[in-house]
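**Q** In order, the protein sequence lines correspond to chains A and B.
As numbered in the working numbering, residues 109 to 430 make up the first sequence, in order.
As numbered in the working numbering, residues 248 to 918 make up the second sequence, in order.
Stretches of chain A that chain B covers, calculated by requiring three or more beta carbons in the stretch to come under 8 angstroms of a beta carbon on chain B:
id: 1; segment: 144-156
id: 2; segment: 186-195
id: 3; segment: 230-237
id: 4; segment: 272-282
For the chain B half of the interface with chain A, some residues (derived, Cβ under 8 angstroms), not all of them:
id: 5; residue: Phe382
id: 6; residue: Gly411
id: 7; residue: Phe788
These are calculated hints, taken from the structure and not from any lab test.
Cβ atoms here follow ideal geometry from the backbone N, Cα and C, with glycine treated the same way.
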Amino acid sequence: MIKRIIHAVKHHFYHWLRRVPIGNDGIARIWARQIYILPTSSGLMFGAVVMLMLLGSLNYQNNLGLLFTFFLVAIGLLAMHHAWFNLLKLAVQVRGGAPVFVGELATIVVTLRAEQPRAHYDIRLWHERHSVAPVHIPRGDQRQITFGVPATRRGLLHVTELMVETRHPLHLFRAWSYIICDATTLIYPQPAPHAPAPLTNGGATQQRPFPQQQSGADDYLGSRPYRFGDSPHHIDWKAFARERGLVVKQFGCEAGQTLWLDWSQLTASDPEIRLSVLTRQVLDVSASGVQFGLRLPGVIEQPAAGVAQMQRCLTHLALFNV
Amino acid sequence: MFNKPLISFTKKKSPASAELPNAVQVLAVILLASATTAPLMPYLHWQINAFLLLLLAVRLVGWRWPHTLPKLWLRVLLTLTGVANCLYVNHTLVGLDGGAALFATMFALKLLELNSKRDLRLVAILIGFLIVIQFLFDQALFRAIYLGLMLFIAVVLLANLNGGFSDGNRWRDALRIARNLSLQAIPLTLILFILFPRLTAPLWNLGLNSEQAMTGISDNMELGAISDLAISGELAFRVRFQGNSPPAAQRYWRGPVLWEMDGRRWSAAQVAAPIAARLEKVTDVIDYEIVLEPTQQKWLFALDVPLTAPADAVRNADLQLVAQQPLTTLKRYSVRSALTYQTAPLTAAQRLRALQLPRNITPRMRELVAKWRDRAADDWALAQEALAFFHREPFYYTLQPPRLGANATDAFLFETKQGFCEHYASAFALLMRIGGVPARVVLGYLGGEQNQLSGHWSVWQSDAHAWTEIFIDGRGWVRIDPTAAIDSARVDNSGATRLLGASQSMRFNLNHASVLAQLARQFRLFGDTMNAAWQNWILDFSAADQLALLNQLGFGALREYGLAVLMIVAVSLTLGVIVLALLRERVKHDPLEAHYIQFCQRLARIGLARKHHEGPQHFGQRIIQQRPDLTAAVTHFLAVYIPARFGIQANDNAVNQLKTLLRGFHPRQRR
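Turn these sequences into a full structure, and let the hints guide you.
**A** Structure, rendered in structure tokens:
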């Protein structure tokens with residue numbers, strides 16, 4: 109019951125919290141009213157000791173004791189302002205990192221920049237109870253922090269909120285801000301440990317794709333426009349010289365050597381398991397260097413070879429029905 | 248700008264490794280804690296100190312070889328031992344001595360348990376409390392400076408224990424952060440100190456000061472008491488004269504007046520009635536202010552003789568100032584005195600008291616006085632006979648008189664003939680009483696030295712003195728200082744110099760002393776000036792001073808509330824100024840850049856502002872296009888600036904050239 113009330117209160121205040129919005133240039137800049145500040149446990153201890161010193165000195169009318177007590181009071185007050193000041197105008201940019209498979213750590217790349225002519229000390233990042241070691245940002249400089257978030261589901265991993273925190277200068281106060289961000293990292297399905305060999309040419313025969321060299325003996329199949337990731341060896345440089353743009357010459361062995369990875373050919377009933385198996389197949393086939401295509405319900409990726417083809421196929425698998 | 252990628256791995260909440268202190272930090276905390284405890288040790292019992300040193304040794308060994316650090320059960324055992332030790336020594340854990348011993352012990356025990364940064368922070372924070380405890384024992388300037396340094400180091404440590412510094416410069420960064428914080432804290436500290444409302448009465452009393460023995464003049468005089476006092480180097484009081492200071496021979500600071508002699512000691516016996524003594528004639532009036540160190544006694548010292556009494560004191564029939572309460576804190580008061588005066592005639596009862604004799608008057612004392620009586624025409628002549636006797640006979644003035652027997656006065660007069668002022672005063676008063684002249688002994692101080700730096704006068708415990716007053720019909724009580732009658736050749740300097748060093752009294756002709764002693768004396772005078780200012784401005788600042796300040800500001804009617812409001816406003820304003828100053832912090836340009844910026848600003852003033860995308864080259868071309876009359880100046884400037892700024896070779900002379908060029912460059916708006 110109490111937990112539910114606490115949760116409700118938290119939920120209620122969650123919407124009231126001020127957050128740092130993303131600017132037009134995609135960078136969030138922390139402004140004065142978006143900074144929260146509370147004493148740490150050391151800060152509370154500090155307060156208690158100063159209170160004791162104050163009471164003792166006042167009681168014994170000890171002016172020297174009062175002088176030292178007030179010095180600590182002033183230090184405490186200033187430490188609070190410095191903590192606030194340390195976050196002020198810090199620029200934060202968050203973007204997703206390279207795609208990963210489920211079960212790995214997805215990376216979020218956070219760039220912290222000191223736009224003001226002063227350094228920022230002890231900047232810590234928090235994302236859902238995970239933090240990284242504090243960093244120092246020299247004035248006018250920036251620091252890039254790669255943040256690992258466990259990838260648990262395929263699809264797009266969105267990071268929409270991040271917390272930037274500091275305990276500068278004396279660890280007596282903790283100042284923090286919530287940063288709104290829009291970082292996405294693509295999460296591929298987890299590859300199955302084993303996968304059946306894919307079908308060749310539409311699925312008549314089950315033949316294991318042996319790794320074979322793409323030799324000059326292969327037949328010329330035709331041309332198609334260049335796509336990112338194609339090998340420079342296959343670019344039709346003569347066509348390029350004739351100013352017909354970048355065109356890739358497609359070679360192939362016999363038509364039967366094109367593999368199709370097909371959703372409908374798999375037997376597993378759980379779609380996630382099928383995607384998992386397909387992922388494994390994509391990785392295996394791509395490693396062998398054979399041309400392959402992918403058929404999913406509603407999605408067809410025409411056969412091709414290379415890293416770019418693998419990435420396209422994995423992206424289809426990652427985003428299938430999400 | 249360049250990117251420095253910094254790959255970090257995720258950590259669960261409260262990462263343990265980040266909270267582990269490094270060995271240098273642990274050692275720094277141990278050393279700081281020891282250095283802060285050290286000045287407290289003279290006030291603790293040796294057994295407590297021995298336990299503290301044991302803990303420190305264990306801790307240092309444990310730092311070098313961590314596996315030797317006591318385990319939990321041993322730490323519990325040590326804690327119990329520590330508490331038992333405190334109880335055994337002080338029989339209590341509260342009160343100043345008991346509490347200080349307990350806190351020092353617990354603080355040292357905490358040093359055995361420095362596992363995380365949190366522990367280190369706790370120790371650094373508790374340093375503040377340890378310092379305040381010490382100030383309850385002693386508030387001297389040097390201690391304050393030393394402990395202030397310790398507190399600053401504690402702040403440096405707190406900064407250092409925080410994370411997120413640039414690599415390799417951890418301590419330098421921490422030092423800079425702590426320095427900036429401390430500098431900004433100074434104005435706030437002063438405002439709080441001046442304006443924070445004080446208590447006028449303590450909230451509770453833990454028996455502070457009651458057991459501490461104080462040096463100073465007591466209310467009776469036993470032979471040898473003052474010579475004990477005279478080797479104390481402590482301050483008795485400070486004086487500031489309004490107008491001229493009295494001549495050296497008149498600087499008698501009057502304290503208790505003693506009437507009764509029981510053969511062994513002089514005492515006041517019965518307190519004189521608090522009625523104002525009548526003075527017949529008064530001249531040479533002098534006004535001054537005294538700041539008296541705490542004495543735990545009631546009397547206030549005043550120049551012989553006081554005419555007025557401060558607000559919370561009375562002037563009794565013995566012309567002595569008596570406060571209503573024993574002086575437990577510094578006491579500041581103003582008095583008016585007369586150097587020349589004549590007292591009223593004695594009553595019969597007073598005359599009887601002033602002639603009382605103890606039982607141990609010997610026949611040879613009576614014979615001596617009888618001999619003088621034959622020669623002397625009156626009481627005054629009798630006194631002169633006695634002074635001549637002290638001068639003629641081989642009486643020595645020394646701080647180290649030989650031991651006297653059961654009848655001290657007799658032995659002193661006829662056998663040892665060596666004594667300090669109390670011997671002479673006591674003997675002289677007794678001889679006068681034998682001769683039928685009313686006499687009494689006065690305790691106080693003689694002398695005082697002016698501090699050339701601050702202008703105030705200091706009177707030291709080593710200036711403690713005893714003299715006599717005899718009653719002469721028609722003249723009243725007359726001060727007679729028998730010590731002054733001794734032949735100056737027989738004043739023994741050596742004992743004083745050896746015992747007192749630089750703090751010996753002015754009485755011992757210091758002009759003949761060594762250069763080193765003179766230097767030491769000068770040094771003491773300087774230290775005394777500092778201490779006087781310290782006392783005046785810091786230690787002695789009170790609620791009354793606050794209200795006086797408030798009155799000057801015109802908020803006197805608001806009393807404590809006004810003070811509180813003023814304090815809050817002043818602190819807020821100061822904080823605001825500091826934050827604004829932080830916000831306006833500008834980049835420091837290198838001189839080359841600064842000159843270029845100035846160049847651009849001057850052009851901007853005549854409407855030719857540089858656009859953000861324009862480099863110096865393009866900007867210059869545009870200026871020349873728009874204002875051909877400026878061609879020479881602009882071309883010249885840029886011809887120096889561009890190669891210096893962007894060229895490969897550094898040109899040290901360029902800055903000076905630019906400076907010269909700028910001096911003559913004042914473009915005007917075209918009409």
